[in-house]
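Trainee: Here's the letter readout for the chains.
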Amino acid sequence: MLSSILQVLILGLALGGVYALMASGLTLIFGVMRIVNLAHPIMIIAGAFVAYWLFRLYGLDPILAMPIAAAVLFVIGIVLYKLIFEKEAANAKYSEMTVLLTFAVALCADGLLGALFSNTQRVTTPAYGTDAFIFGTIFIPKGQAYAGAISLLVIGTLLAFLNFTRFGAAIRATTQNRAAAQLMGVNVGRVSLITFGIGIALAGAAGALVSFIFSFFPAKHWEWIAILMSLVVLGGMGKLMGAILGAFLLSVIAAFVGTYFGSTWSTMTFFLALFVILLVRPQGLLGDKIEEA
Amino acid sequence: MPELLEVRNAVAGYGSGPAILNGADLDVAPGEIQCIIGPNGAGKSTLMKAITGLLPIRSGEIRLMGERIDRLRPDQILKKGIAFVPQERALFPKMTVRENLRMGGYTIRDEAELKRHIDDVLDRFPILRERAGQHAGTMSGGQQQMLAMARTLIVRPKIVMLDEPSLGLAPMIVQQMFDIMRQLRDSGMTVLLVEQNAVVGLKNADRGTVLDLGRTLFSGPAEDILKDPRVRELYLGKAAA
Ligand SMILES: Nc1ncnc2c1ncn2[C@@H]1O[C@H](COP(=O)(O)OP(=O)(O)OP(=O)(O)O)[C@@H](O)[C@H]1O
Ligand SMILES: [Mg+2]
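Line order of the protein sequences matches chains A and B.
For the first sequence, my numbering assigns the number 3 to the initial residue and increments by one for each residue that follows.
For the second sequence, my numbering assigns the number 6 to the initial residue and increments by one for each residue that follows.
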């Protein structure tokens, strides 16, 4: 009994790490640009496809493919920003319209990936994908343990970058007060561009991990939109630590719900949580009171 | 006298809305304290935002030492030597006093130089040294205004622009602020400020400019403007309406 609880807890935490990685890019982008990027999950799927094909064609381990997936998605992010969001960013209407734009991007990318690779279930199968750590009666799949640990490593690197580098300070300043950052000499257009690229790159990195812990197909991103929204809303929109905390919390709860009530309810946990948070505490765990910006 | 900053016939407005500045003019000489006055909604803050590049002008010209700056971004204008404290102060509330000051020196890439500049500014504002580790958002209004002003000085700008620095401050603190401005002027800096309280502003300034309905009505030595009956009329007229 105790060991099964411990097992569910560890699995929940490992998955929580991956969710936190997914949510971190989304939160970073929202913080700097006030864009709710509904295309974030399809970018995760795109990252998973990069890892998948590198594995299929060259036998490259998906964990080693992670930096490549991140780099590819960084470039995609930069191109998307230049093509679509740069003009919007200068516009007063900004956040209202950009949500619809990201929705359109999600639809197009979904259609494109579906046309290229079809909507069949795929998964990369490195050796550790079917292996497990066994401690007495506790059974931890290696794939999930690795994915969780690597996610934490990437998130730690991101936090260090934000807190200890000059460009990180520019990102934090732009998040807190865009006009003030400009007045300090920050080129906020460039900060937005690079941050968008980093955010999408983080989605790509998460995708490489997703490729061996879940089976995936292009249309799966719809389900993740709701999951990711619940994480970042629980944490407080744009609050990185909040999103990370929200990811671990909900992931662990979902793991327990899944174990005792069945896996349908596990996914429902996220949707219900999103609903309840918006009703009870719309500013999230770490968010400030909702105020006019 | 050669002007340091010149605004000629500036027209500006927000988004696709009506023009708020309707041909504003401004001349700022090096080493002076100049005070812009005018009734609420006259466009004083809008003029400040236009000069610093936060709000691009639709027509007209803005020149710094003869060079056009009206098509530059705010970060480029800062590098030219114009620093600005907006009406709402624009601190980073979740950053400490020290982090705010470091952001003030964002364009200084040499760490030793940045430290030296911050140290020099802290000598001028001892209260900030005591509170270096405190979050900016938790300080009092006066302390926040001190920090906002101190933060612009890190880069040692040619011109410091302050939009209503006395807003919401106790009279004693206001006098302290103006004392600091005079020290800055005496050390060669130029100060351009907006004051809601025309008497206090002009008494502490060398020159004044009067703005109404987005236009410059007139400008001149501060004591002349203080005595000008048109100024009295402008304020009383608005109050009675
Ligand atoms: N962000 C904005 N968007 C649209 N209109 C604005 C904006 N800011 C100011 N305005 C309008 O521009 C006009 C001038 O405003 P401005 O803030 O420049 O006046 P001000 O002289 O600084 O007044 P105050 O003494 O009240 O600070 C006002 O009618 C105001 O409603
Ligand atoms: Mg104003």
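A hint or two may mislead.
[As the list claims (entries may be wrong)] Derived lysine-lysine pairs resembling DSS-like cross-links, with alpha carbons at most 27 Å apart:
{"hint": "1", "chain 1": "A", "residue 1": "Lys89", "chain 2": "B", "residue 2": "Lys84"}
{"hint": "2", "chain 1": "B", "residue 1": "Lys163", "chain 2": "B", "residue 2": "Lys85"}
{"hint": "3", "chain 1": "A", "residue 1": "Lys144", "chain 2": "A", "residue 2": "Lys84"}
{"hint": "4", "chain 1": "B", "residue 1": "Lys208", "chain 2": "B", "residue 2": "Lys232"}
{"hint": "5", "chain 1": "A", "residue 1": "Lys84", "chain 2": "B", "residue 2": "Lys232"}
{"hint": "6", "chain 1": "B", "residue 1": "Lys208", "chain 2": "B", "residue 2": "Lys163"}
[Unchecked claim] Here are a few chain A residues that face chain B, going by a calculated C-beta distance under 7 Å:
{"hint": "7", "residue": "Gln123"}
{"hint": "8", "residue": "Ala175"}
{"hint": "9", "residue": "Gln178"}
{"hint": "10", "residue": "Asn179"}
{"hint": "11", "residue": "Ala181"}
{"hint": "12", "residue": "Ala182"}
{"hint": "13", "residue": "Leu185"}
{"hint": "14", "residue": "Gly187"}
{"hint": "15", "residue": "Leu281"}
{"hint": "16", "residue": "Val282"}
{"hint": "17", "residue": "Gln285"}
What the hints contain is simulated information worked out from the structure, not anything from laboratory work.
Remember, predicted model here, so these are calculated numbers, not experimental data.
We treat Cβ as the ideally placed atom computed from N, Cα and C, and that holds for glycine.
Trainee: Would you mind marking each hint as holding or not holding in the structure?
Mentor: How the hints compare with the structure:
{"no.": "1", "hint": "A:Lys89 x B:Lys84", "result": "25 Å, holds"}
{"no.": "2", "hint": "B:Lys163 x B:Lys85", "result": "8 Å, holds"}
{"no.": "3", "hint": "A:Lys144 x A:Lys84", "result": "40 Å, violated"}
{"no.": "4", "hint": "B:Lys208 x B:Lys232", "result": "11 Å, holds"}
{"no.": "5", "hint": "A:Lys84 x B:Lys232", "result": "55 Å, violated"}
{"no.": "6", "hint": "B:Lys208 x B:Lys163", "result": "23 Å, holds"}
{"no.": "7", "hint": "Gln123", "result": "43 Å, violated"}
{"no.": "8", "hint": "Ala175", "result": "5 Å, holds"}
{"no.": "9", "hint": "Gln178", "result": "5 Å, holds"}
{"no.": "10", "hint": "Asn179", "result": "6 Å, holds"}
{"no.": "11", "hint": "Ala181", "result": "6 Å, holds"}
{"no.": "12", "hint": "Ala182", "result": "4 Å, holds"}
{"no.": "13", "hint": "Leu185", "result": "5 Å, holds"}
{"no.": "14", "hint": "Gly187", "result": "4 Å, holds"}
{"no.": "15", "hint": "Leu281", "result": "27 Å, violated"}
{"no.": "16", "hint": "Val282", "result": "24 Å, violated"}
{"no.": "17", "hint": "Gln285", "result": "15 Å, violated"}
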